[in-house]
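Whenever a hint applies, use it, and build me the whole structure from the sequences.
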Amino acid sequence: MDLKDDHLAETVQSVKGINPEAIVVSKSGDITDNETIDNLIKLTVTKFGRLDYAVNSAGIIGKQKEITQLSLDDYDFVESVNARAIWLCERAQIAQMLTQEPLPTQ
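To get my numbering, take the position in the sequence shown, counting from 1, and add 316.
I should point out that these hints are in silico values taken from the structure, not numbers from a laboratory. Don't take each hint at face value.
[Said to hold, decoys possible] Cross-link-like lysine-lysine pairs, in silico, DSS-like; alpha carbons within 30 Å at most:
1) Lys363 - Lys343
2) Lys363 - Lys332
3) Lys358 - Lys381
4) Lys343 - Lys379
5) Lys332 - Lys343
6) Lys343 - Lys358
Printed below as a string of structure tokens:
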């Protein structure tokens, strides 16, 4: 298990510590990769039958350098996680939600 998986396991345990009955689906992967995101949506729908809510909170700081020393690759990596990945998740989540019948109102 690598460091990412360790952090993921800690997060799952934290959620379970708050609510032992919570059902948690966790999967590590490259959040900037469209196929990874599509697979996460499929995994969620397989487990729960539908997707109704989403919280997209991925974000990184990146390398701590003076702006004049920061490479374009470093900048692009931060933006790919902090902006592109969130957009990719939202796009896939909304596409899934649009295929579903609305939840009944009370």
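Now for the hints, and whether the structure bears them out:
1. Lys363 - Lys343: holds (13 Å)
2. Lys363 - Lys332: Roughly 17 Å separates the two Cα atoms, so the pair holds.
3. Lys358 - Lys381: Answer violated: Lys358 to Lys381 is near 38 Å, above 30 Å.
4. Lys343 - Lys379: With Cα atoms ~25 Å apart, Lys343 and Lys379 stay inside 30 Å; holds.
5. Lys332 - Lys343: Since the Cα atoms of Lys332 and Lys343 sit roughly 16 Å apart, the hinted pair holds (cutoff 30 Å).
6. Lys343 - Lys358: holds (12 Å)
Figure legend: structure checked against the earlier numbered hints; the only hint not met is number 3.
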